[in-house]
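2 protein chains.
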Amino acid sequence: MTRDELDTPVPIVRLDIVEDNLARMQAYCDRHGLRLRPHIKTHKVIALAKRQMELGAVGITCQKLGEAEVMADAGVDDILLSYPLIGKIKAQRLAALARRIKLTVAVDSENGISTIAEAARLARAPIDVLVEFESGGERTGVQTPAEAVAMAKAIRLVELLRFKGLMTYPISPKTAPFVRETRTLLEREGIELEIVSGGGTPGAYSAHAVENLTELRVGTYIYNDRTIVGLTSEPQESCALRVLATVVSRPTEDRAIIDAGSKTLSSDLVPATVGSGYGLIEEYPCATIVRLNEEHGIVDLSRSERKPKIGERLTIVPNHVCVVSNLHDEIYVTENGAEFTPWSVAARGATT
Amino acid sequence: MTRDELDTPVPIVRLDIVEDNLARMQAYCDRHGLRLRPHIKTHKVIALAKRQMELGAVGITCQKLGEAEVMADAGVDDILLSYPLIGKIKAQRLAALARRIKLTVAVDSENGISTIAEAARLARAPIDVLVEFESGGERTGVQTPAEAVAMAKAIRLVELLRFKGLMTYPISPKTAPFVRETRTLLEREGIELEIVSGGGTPGAYSAHAVENLTELRVGTYIYNDRTIVGLTSEPQESCALRVLATVVSRPTEDRAIIDAGSKTLSSDLVPATVGSGYGLIEEYPCATIVRLNEEHGIVDLSRSERKPKIGERLTIVPNHVCVVSNLHDEIYVTENGAEFTPWSVAARGATT
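Those protein sequences? They're chains A and B, same order as listed.
As numbered in my numbering, residues 1 to 352 make up the first sequence, in order.
As numbered in my numbering, residues 1 to 352 make up the second sequence, in order.
These are calculated hints, taken from the structure and not from any lab test.
Incorrect hints may appear among the rest.
As the list claims (entries may be wrong) - Not the full set, but computed from the structure, chain A residues with beta-carbon under 7 Å of chain B:
#1 63
#2 73
#3 248
#4 262
#5 263
#6 294
#7 296
As the list claims (entries may be wrong) - Stretch-level coverage of chain A by chain B, calculated; a stretch enters the list once three of its residues show a Cβ under 8 Å from a Cβ in chain B:
#8 87-95
#9 314-328
Every value quoted in this text rests on a predicted model; they were computed, and no experiment measured them.
Where is the CB? At the ideal position from N, CA and C, for every residue including glycine.
Isolated chain A, as found in the complex (with noise of 0.2 Å):
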């Protein structure tokens, strides 16, 4: 399909960008002994978690069960849930997965443990285990380094459950001194860490820095989006993924009305410093999508001096990404930007 044969609102990637940015973060970590471990959260396709490995990543990271599903089913053998399950129907299903690929599971709590153990028991295979801590995120894992101790030696209490290390997600400047003291009070009971995982591509290219990291989990990075060329040094041409929209309406001289709403754009906003309204119109910079409405996307022009026309197309550079390819089905990927083909959104909807 060329361009001007697929209808909108949809959203199209450019498979140039996503190879530059894939090979970007596989060399930064290569360079610097880190082990990539993607977040195919962002992307949810099955060619691209292949692609991922095949450059070098050592598996992948998924947040849900139903991910990591659809990537087994595909092939993939060796996935991180970077997600707290807890509860029998989430030990059954971990069981099942535990009997096909290597897993690893990370943790924060003793009932997070016994569903670990549970799906463990069940598969009759072994399950690797990080704990998570929190760095700063102020959302899942453990407070203190004391806490993180007793996790792990929780864990090496259990039959079958393999205590790895550490797991957190951002990387700030409160993970070094917590992996540090962590490491020390694990020495005294003789427990190695083997893995500290960080988490988030605003500061990847910063990872190297991070004392005892040893691996790096990544997902917003293969397609970049509005928030990521706000937050970090990567340029706009980074942006892989774009939503394709029409110009659906021009009630007044500074109002237009695109075709790209929340069910399209999702409602997510930018950090306030990085800019305002509900994603970037390429072709049009000083328009503001000031509102959106589930299908409708209310531009300001007011500011922008040139005017679209209805039936004009604009591409816009999401706000965040990851959610924007959740609200589709497929994407149209190209290499050229001549030809277009459909990739299914494999695990979107996989949302336990």
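With chain A held as given, fit chain B onto it using these hints.
Below, chain B alone, put in the same frame as chain A:
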């Protein structure tokens, strides 16, 4: 499946509440001689669209051609497309629909008229047309009665297009004066105003007071949500869809993490007058979902005396139910709360 057998996060729907919401709105419309044309963008479920028709709806409303295609395939034969359709690809798809069902299409530009005209020509079938006007929503729609009349005259010049009336969203104090003035101008031209269609659940039960209104388009009323409860006299018990989520981490005394993030609840907020946070936790009404990551709901418990435990299941009334059901391939419906059945959100993913 019992509730305990459901994996989380998952949208669960009480069909008895759905039935009550549908029946009340239909009775209201019947009482006041309004034609009810429910908007299926909220639920996107075939069985629910059919139930709306059974109860007395004159047809359904869709935003997207893709939604209309799914519903036409399922046997719904009278559809209003309330969204501006622009360009050749839309014209071709519209033509395919016009060949098999009764279609009405809204329009607010000459380019839009051309698109509908091309569809009618390709289909060799008539298409009814409504002119969309703006009555405070500041998105699509012509701005003045004179523009509306000019559009009506332009539509009447096109073979196979039948001007039927006006459409607006939302209903506001500007609606009635705009319609009155347009009606007067149309009468001078000898043009009949058959349909005046107004939309939006918040103002639905006042629609009878809007002079000249003949048709009501409402979507959210089938499920209701936190926004509707906050803006209208609908009680929280009228909310039919809830998200069942699990507490997966309790890293600190005042923080819980639930497995419903922006990929489950969306990032839509409620108006500041209604409340704060990303959804209402029924079991802990004093807790606030202060932040969402993709798969993490970060809950502040500092104002909640009782604190949930890891593994506890919570039900969340979403801020904006239309974007929540759009994130899930299936909802789990129940008549009595004991037994749950998966229903396909068949028109989810109908982005174009």
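Each hint, compared with the structure:
1. 63: holds (5 Å)
2. 73: Nearest chain B Cβ about 17 Å off; hint violated.
3. 248: holds (4 Å)
4. 262: holds (6 Å)
5. 263: At 5 Å from the nearest chain B Cβ, residue 263 of chain A passes the 7 Å test, so the hint holds.
6. 294: holds (6 Å)
7. 296: holds (5 Å)
8. 87-95: This one holds; 4 residues, not fewer than the three required, reach chain B with a Cβ under 8 Å.
9. 314-328: With 5 residues close enough to chain B, the hint holds.
In terms of the numbered hints stated before, the structure departs from hint 2 and from no other.
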